[in-house]
Amino acid sequence: MSPRFEAWSTLLAFMRKELRHLVRDRQTFVILLCLPLAQLLLFGYAVRTDVNEIRIAIAASAADPAATSLRAQFANSDRFILLPSIPNAAAAERLFRSQQTDVVVVLGPRTDSRTVGVTPPSLLIITDASDPNTSTTMANYAQAVVRDWQALRSDVSGRVAIDVRARMRYNPTLRSVNLFVPGLIALILTLVTSLMTALSLSREKERGTMELLLVSPLRPWQIIVGKVIPYLGLALVNVVSVLLAARFVFLVPFAGSYWLLMGASVLFALVSLALGVLIAALTSSQLAATLAALGGTLLPSTMLSGLIFPIASMPEPLQWVTTIVPARWFVEIIRGVMLQGTGVDVVWRDLLILSVMLVVLLVAAIRRTSVRLA
Amino acid sequence: MPDPVVQIENVSKAFGATRALDQIAFSVSAGELFGLVGPDGAGKSTLFRILVSLLEADRGVVRVLGLDPVGDLWALRRQVGYMPGRFALYGDLTVRENLEFFAAVFGTSVEAEYTSIAPIYQQIERFADRRAGALSGGMKQKLALCCALVHRPAMLFLDEPTTGVDAVSRREFWDLLGTLRDSGLTTIVSTPYMDEAMRCDRVALMQTGRILAIDDPTRLGARFPRPLFGVHTRDRRRVLDLLRTLPLVTSVFPFGDIVHVSTARVTAHGDDLSDAALAEHLRDGLVAAGLGDAEVRPIDAGIEDLFMELMGTESTGAAS
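First to last, the sequence lines map onto chains A and B.
Residues in the first sequence are numbered from 78 upward in steps of one, following my numbering.
Residues in the second sequence are numbered from 701 upward in steps of one, following my numbering.
Keep in mind the hints are simulated off the structure, nothing from the lab.
Note that the structure is a prediction, hence the values are computed from the model and not measured.
The C-beta atom is built at its ideal place from N, Cα and C for all residues, glycine as well.
Certain hints may be false.
Here are a few chain A residues that face chain B, going by a calculated C-beta distance under 10 Å [stated by the list, open to error]:
hint, residue
1, Glu83
2, Thr87
3, Leu89
Here are a few chain A residues that face chain B, going by a calculated C-beta distance under 10 Å [what the hints assert, rightly or not]:
hint, residue
4, Arg97
5, Val292
6, Ser293
7, Arg449
Work out the full structure, taking the sequences as your base and the hints as a guide.
Structural data, given as structure tokens:
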């Protein structure tokens, strides 16, 4: 047998062994296969940042015709549930305190069409800001409805309306599931790759089999590659299952190239795997490896990747920190490719950054993987 | 005498402030079954790890099969079989899968090596499809031995292969080692059990990182420096304390049913006593104390007597 052929057949044997470990630990295997889908369902159905069924009351004097048309405008929006009108702002206070409403629109005395253009219309939107994010969203929705209403009234009165509008591109309905699917793919890849490789390598150390692997002719790269490839395969299966569910269950649009997406996923998975190998080389027990993988990869991937909190609204030093989080660049790529149909001409910079990270981590991981016992 | 297969000189190794090995030196010749005997913490496992290239010695020269475990580690790793101190196989893989994996790692297969491992593998072959984790202790060790032999190593290193294994399995395992020795395989094996040491060609007694003595195990007992007596009595509880108070007695150790007592030969008055006279002296002492049934007779020292003796001088030497 030629030495080169032997190196590859040895590697194959190693991967076969890893696959057996993976499949034999049935509980973990089932969890790894199902967890991504469960997460997607959770994010898709439960964890939503878009707000529906906003209860709204309009405070206006009963005789005001403007109030009638505004009521009609809100009644036509399917986000709002229109409550009976109230006479004035003081009544609004009672509604908020008893938690019967989310938004109150107070119409000033001179919003009637006859006086438009003479005095600036006064209109007040009050929201319950005890939950600031939701409150901002609700206020935005209410503003949008009011803007439409104003435009309509201007047209009727024959006046040219100068109206500033914001248009929500690429996700016109502001569905949060569209945002979460790309982020979720990043999370799943991190979990399955970093954590599982770190765990499986430190398990070899703990049960003493690493000693036997070291005494064998296996080179460190063979041990690392043999560990990594099966988990890469599992991660890609997960990516595909999440994409299919996103596409056909949640009808998330897919604008870009599937190949680019899979390519970027493989690259990101390799970065996470190298990180997992490095973590295993630096820790000595399964527990330490788990904690390091959670703190070192999963947490930043969730918090600092732009997945949940927009990077632009972070303090500047924290924004710098995000640049070393691989998931940040991956989330950027995947959102672009999925929702905007971005091509390599745009995301090449992110791909390059991930590639550099991969090289650095791989070199560090192989260097730190000793040929002897530590 | 042929060139030694293993030769080490002045090997020392420390972990922080702990001296694991202190100037170890010995050589093993081709075909020898060489034993490292000593309690936990004697440094046996550290020595194994240095010999199989898992650790680097701080000082000293190490040659295994003519190779340097530091500089020639890849050449050496192809040629040695190693069984670590605790069971280290994949419990979730079957017997057969474990064996196949370790064969593949060395670029061979179970089929190709079947005849060479058959004498051992046949003993576990009926469990081929059982998970290794579900085997009994003795079976696990046989599987581990198979895995260490599957690439036909030029030399075998077995670190406490019978610790935690029942007595019958221990004997079976040593019978296997005897078979391997007969086939000419050089083996270094460690054990905390003195009875197993007797089955080696030569043994090194180890204690806290030092070698106390190296010899043919049957000859080691003859190195015992003083007369030794076996004392048998029904009242074993009292006899230990009583013997320690008698004049001339230097050491007292219980050995199962009997008590081993060593004495000085020369009395305070300068009389050089014979074995028979010393035995008489001990018996008189015990009878005087009310142990009329005591039997005392001279015995030949065994390897364990010597070990106790050497350990005693080591510790007194260290204390002074």
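Practice problem: Could you check the structure against the hints above and give me the numbers of any it violates, in ascending order? | Solution: none
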